[in-house]
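Trainee: As a plain string of letters, each chain reads:
Protein chains: 2
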Amino acid sequence: MSFPNSVTIDSINPKVLQCEYAVRGAIVNQAQKLQEEIKENPGSHPFDEILYCNIGNPQSLGQQPITFFREVLALCDHPVILDKSETQGLFSADSIERAWQILDQMPGRATGAYSHSQGVKCLRDAVAAGIAARDGFPADPNDIFLTDGASPAVHMMMQLLISSEKDGVLCPIPQYPLYSASIALHGGSLVPYYLDEATGWGLEVSELKKQLEDAKSKGITVRSLVVINPGNPTGQVLAEENQRAIVEFCKKENLVLLADEVYQENVYVEDKSFHSFKKVARSMGYGEKDISLVSFQSVSKGYHGECGKRGGYMEVTGFSPEVREQIYKVASVNLCSNISGQILASLVMNPPKVGDESFESYSAEKNGILSSLARRAKALEDAFNNLEGVTCNKAEGAMYLFPRIHLSQKAIKAAETAKTAPDAFYAKRLLEATGIVVVPGSGFGQVPGTWHIRCTILPQEEKIPAIITRLTDFHQAFMAEFRD
Amino acid sequence: MSFPNSVTIDSINPKVLQCEYAVRGAIVNQAQKLQEEIKENPGSHPFDEILYCNIGNPQSLGQQPITFFREVLALCDHPVILDKSETQGLFSADSIERAWQILDQMPGRATGAYSHSQGVKCLRDAVAAGIAARDGFPADPNDIFLTDGASPAVHMMMQLLISSEKDGVLCPIPQYPLYSASIALHGGSLVPYYLDEATGWGLEVSELKKQLEDAKSKGITVRSLVVINPGNPTGQVLAEENQRAIVEFCKKENLVLLADEVYQENVYVEDKSFHSFKKVARSMGYGEKDISLVSFQSVSKGYHGECGKRGGYMEVTGFSPEVREQIYKVASVNLCSNISGQILASLVMNPPKVGDESFESYSAEKNGILSSLARRAKALEDAFNNLEGVTCNKAEGAMYLFPRIHLSQKAIKAAETAKTAPDAFYAKRLLEATGIVVVPGSGFGQVPGTWHIRCTILPQEEKIPAIITRLTDFHQAFMAEFRD
Chain X
1 MSFPNSVTID
11 SINPKVLQCE
21 YAVRGAIVNQ
31 AQKLQEEIKE
41 NPGSHPFDEI
51 LYCNIGNPQS
61 LGQQPITFFR
71 EVLALCDHPV
81 ILDKSETQGL
91 FSADSIERAW
101 QILDQMPGRA
111 TGAYSHSQGV
121 KCLRDAVAAG
131 IAARDGFPAD
141 PNDIFLTDGA
151 SPAVHMMMQL
161 LISSEKDGVL
171 CPIPQYPLYS
181 ASIALHGGSL
191 VPYYLDEATG
201 WGLEVSELKK
211 QLEDAKSKGI
221 TVRSLVVINP
231 GNPTGQVLAE
241 ENQRAIVEFC
251 KKENLVLLAD
261 EVYQENVYVE
271 DKSFHSFKKV
281 ARSMGYGEKD
291 ISLVSFQSVS
301 KGYHGECGKR
311 GGYMEVTGFS
321 PEVREQIYKV
331 ASVNLCSNIS
341 GQILASLVMN
351 PPKVGDESFE
361 SYSAEKNGIL
371 SSLARRAKAL
381 EDAFNNLEGV
391 TCNKAEGAMY
401 LFPRIHLSQK
411 AIKAAETAKT
421 APDAFYAKRL
431 LEATGIVVVP
441 GSGFGQVPGT
451 WHIRCTILPQ
461 EEKIPAIITR
471 LTDFHQAFMA
481 EFRD
Chain A
1 MSFPNSVTID
11 SINPKVLQCE
21 YAVRGAIVNQ
31 AQKLQEEIKE
41 NPGSHPFDEI
51 LYCNIGNPQS
61 LGQQPITFFR
71 EVLALCDHPV
81 ILDKSETQGL
91 FSADSIERAW
101 QILDQMPGRA
111 TGAYSHSQGV
121 KCLRDAVAAG
131 IAARDGFPAD
141 PNDIFLTDGA
151 SPAVHMMMQL
161 LISSEKDGVL
171 CPIPQYPLYS
181 ASIALHGGSL
191 VPYYLDEATG
201 WGLEVSELKK
211 QLEDAKSKGI
221 TVRSLVVINP
231 GNPTGQVLAE
241 ENQRAIVEFC
251 KKENLVLLAD
261 EVYQENVYVE
271 DKSFHSFKKV
281 ARSMGYGEKD
291 ISLVSFQSVS
301 KGYHGECGKR
311 GGYMEVTGFS
321 PEVREQIYKV
331 ASVNLCSNIS
341 GQILASLVMN
351 PPKVGDESFE
361 SYSAEKNGIL
371 SSLARRAKAL
381 EDAFNNLEGV
391 TCNKAEGAMY
401 LFPRIHLSQK
411 AIKAAETAKT
421 APDAFYAKRL
431 LEATGIVVVP
441 GSGFGQVPGT
451 WHIRCTILPQ
461 EEKIPAIITR
471 LTDFHQAFMA
481 EFRD
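Taken in order, these protein sequences are the chains called X and A. Residue numbering for the first sequence follows the UniProt record's numbering, starting at 1 and increasing by one per position. Residue numbering for the second sequence follows the UniProt record's numbering, starting at 1 and increasing by one per position.
Honestly, I wouldn't trust all of these hints.
No copy labels: a pair is met if it fits in one copy or bridges any two.
Okay, derived cross-link-like pairs now, EDC-like style, lysine to aspartate or glutamate, Cα gap no bigger than 20 angstroms in a straight line [claimed, not checked]:
no. : residue 1 : residue 2
1   : LYS15     : GLU165
2   : LYS289    : ASP10
3   : LYS33     : GLU325
4   : LYS39     : ASP104
Hints in this document: simulated from the structure, not taken from any laboratory.
Throw the hints in and build the complete structure from the sequences for me.
Mentor: Set out below in structure tokens:
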């Protein structure tokens with residue numbers, strides 16, 4: 001069939017063509033095809049389900065939502081049941097109270113109305129109070145932009161900062177491909193800085209300096225630095241001392257610090273904890289006049305993993321009122337983020353407290369999920385490290401492992417023949433043999449000549465042993481087949 | 001206070017600076033300021049509330065949501081109550097059944113998971129079935145992209161179609177400023193075509209041709225044509241014959257037809273009805289190979305007006321698979337639209353049917369809102385036409401009136417002195433005297449030398465007489481003050 005040539009691949013915006021987003025790329029498309037084949041023809045493949053370990057999407061793998069959050073959302077969606085007697089039998093007392101609180105502060109109690117383009121004021125108040133309680137430093141609701149997840153917030157900042165390919169953004173390698181995709185879509189230059197795999201994906205300021213100078217020598221003006229902490233795909237949690245050095249670097253080099261802090265609740269090791277960059281900067285005595293800092297948060301991650309709700313925020317500090325006005329204008333063109341996501345962002349930053357009816361069940365749900373995630377991270381890390389030719393850093397935080405696969409020359413040649421990158425070749429074989437979907441390291445960036453995969457730690461805990469067995473069997477067979 | 005100069009108004013993306021979005025511009029900021037003043041100091045202004053007639057936001061002005069829709073949303077947010085006995089006392093039987101239906105078809109019943117980047121398959125099925133029932137022509141769920149309202153869908157298409165200022169998009173003048181803003185943000189050229197106020201905002205193909213030729217002569221390649229039907233801000237509903245001529249024009253000139261059809265449920269006159277451009281094209285015998293057509297729909301408009309839910313879709317037909325893949329990639333960078341909005345889009349396109357428990361109450365709510373909107377449109381149209389020096393076309397559809405204000409030379413001079421456009425001057429005076437917020441016509445575009453305001457028809461019906469009185473009193477005083 002022929003189509004009108006009003007739009008062709010040669011006439012569309014070349015920036016769209018250049019953009020890549022591996023997390024939903026070719027491997028996932030193949031997985032969806034396999035899933036349909038299994039559905040239509042059970043037994044047609046050596047596995048009976050596809051395990052999507054390609055993306056941090058906890059509830060797609062069976063994680064249950066936090067009851068309190070969903071109670072409040074349901075009540076805000078259908079407030080006419082709030083004062084009916086049956087409702088008290090179905091919902092916790094504090095969820096009813098919280099829904100009333102939220103609705104009473106919303107203009108006209110209208111959860112179906114466009115809000116202020118930064119989000120409903122009372123919900124931004126709750127988010128700001130949560131940030132202040134977390135950091136011990138004040139937060140201003142006027143600095144909060146509630147957004148449909150973190151992605152649109154990142155796009156908004158890239159749109160502001162990038163005018164042309166002369167504008168550079170320092171990004172970690174490996175990185176979450178939202179950043180490379182967004183920089184490509186806006187026509188800027190990604191300036192890579194490499195995380196050091198040998199020191200647990202260490203972020204060295206000397207490397208930042210080197211890459212900044214290198215970019216300058218190419219005529220690129222570096223405008224900002226992206227830091228993902230806890231790291232995606234690396235799982236690294238930055239030490240506070242390291243963060244101080246990064247803040248100092250941004251201040252000195254006059255860079256906007258874009259801090260992806262969406263995994264702030266996901267820390268699994270005793271010797272590390274999350275510190276927001278704003279807290280670190282403020283504790284160094286640096287205020288709004290010293291550093292431009294944007295922190296991104298999402299309801300999709302943490303212990304709640306409410307990906308489908310598309311809630312999140314950015315906290316914007318250290319920008320002049322004139323520039324702030326421009327950010328607001330860009331936000332206003334899309335009117336506002338969805339109100340359920342806005343409410344959820346306020347709940348995540350202001351969950352039940354000691355003494356609230358739901359506190360106990362809330363804490364049990366939260367701690368159950370987080371401790372299980374820690375056990376799963378450790379089990380999968382150990383499993384990867386037990387494989388021949390595989391080394392895997394610890395997932396101190398976030399939701400991923402990023403093991404390095406030392407592939408044989410024979411495997412690399414086979415990949416060449418199949419016209420695919422060696423890590424994509426490995427991932428494809430893994431999918432076909434086990435139904436496990438991972439993302440090739442090339443989608444995140446890696447030191448040339450090294451090969452990785454990103455695998456989430458999110459399958460339900462009872463499935464982990466079987467996954468490890470499938471993975472191990474596949475890997476042994478793969479290594480045997482391609483031994484040099 | 002000084003700020004870091006890492007970002008200044010001179011160093012940000014100039015496209016951001018160029019973009020304008022009047023619907024949330026200066027007048028609205030002033031209105032918010034007045035609202036705070038009234039709250040802090042009641043009686044400080046000659047009115048006791050601000051009436052936001054600047055934006056199509058029905059629920060912010062007291063419109064109640066459709067019960068069935070909210071029941072289903074609440075149940076999908078908190079499915080654990082679905083099989084509890086109290087739930088049957090609180091929710092209609094068919095809302096419970098619909099929630100089960102939706103959840104049973106969602107992978108893992110997970111309303112908290114990211115979906116397919118085009119949206120949950122079963123919800124796209126429902127949308128496609130709704131389109132097919134509306135048009136009498138088939139619709140394919142694979143052509144549907146569920147989006148957070150219509151705005152992100154429009155941005156996605158502009159991003160695809162615009163590479164540089166050499167790419168033009170034919171847009172109506174007056175237009176909804178999402179289009180001018182999106183074209184500016186993506187660096188393209190808006191090619192204006194004027195709607196003819198004298199013939200009820202008629203859309204003449206001769207005018208399209210003239211402007212297309214004019215753009216060509218300036219070296220601009222026109223890639224697509226935006227048509228808003230029913231019209232925003234004009235309220236015009238296109239005649240089917242007119243639509244045929246537009247389809248023929250797009251086919252002949254090889255343009256992508258971007259059909260903004262978000263007001264498809266909002267038609268208030270007996271002699272007009274809504275026809276989708278896809279239905280018109282198909283009924284002319286034109287299929288996928290003949291015309292590239294995108295239809296935008298939103299849950300924010302219609303009789304439901306669920307602006308805060310951010311739901312909507314675009315139906316994409318007549319694009320090659322390679323180009324479709326690029327559209328999918330851009331959608332996938334933002335992962336997916338919010339699931340509540342997705343569910344709501346499916347409900348709007350597949351509402352209760354005869355025989356369903358909710359059908360009667362649903363129909364009563366829907367018809368009540370639509371017939372009241374029709375009465376409000378007429379009352380406000382008459383009121384504007386009764387004002388000295390004001391002419392106002394009928395709102396056949398949509399949610400707005402766009403009266404022309406014939407301003408005196410004295411008023412125009414006063415505006416000049418105040419360094420503002422004459423229509424903005426009028427709108428500012430109107431706000432300060434009455435608390436009524438309208439948008440100056442300059443935000444939508446108008447024939448040079450003519451002045452308009454856009455005013456929604458959305459204030460609750462019982463308030464309309466008082467609004468008309470306030471408006472009339474203000475206008476008489478304004479005309480007296482500025483008589484030449």
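Trainee: Indicate which option fits the pair LYS33, GLU325 if close means a Cα-Cα distance not exceeding 20 angstroms: within, between, both or neither.
Mentor: between (46 angstroms within a copy, 16 angstroms between copies)
Trainee: Taking 20 angstroms as the upper bound on the Cα-Cα distance, should LYS39 and ASP104 be classified as within, between, both, or neither?
Mentor: Intra 48 angstroms, inter 16 angstroms, cutoff 20 angstroms: inter-copy only.
Trainee: Go through the copies and call it for LYS15 and GLU165: within, between, both or neither, with a Cα cutoff of 20 angstroms.
Mentor: both (11 angstroms within a copy, 14 angstroms between copies)
Trainee: Give the relationship of LYS289 and ASP10 under a CA distance limit of 20 angstroms: within one copy only, between copies only, both, or neither.
Mentor: between (46 angstroms within a copy, 18 angstroms between copies)
Checked against the numbered hints above, the structure violates none of them.
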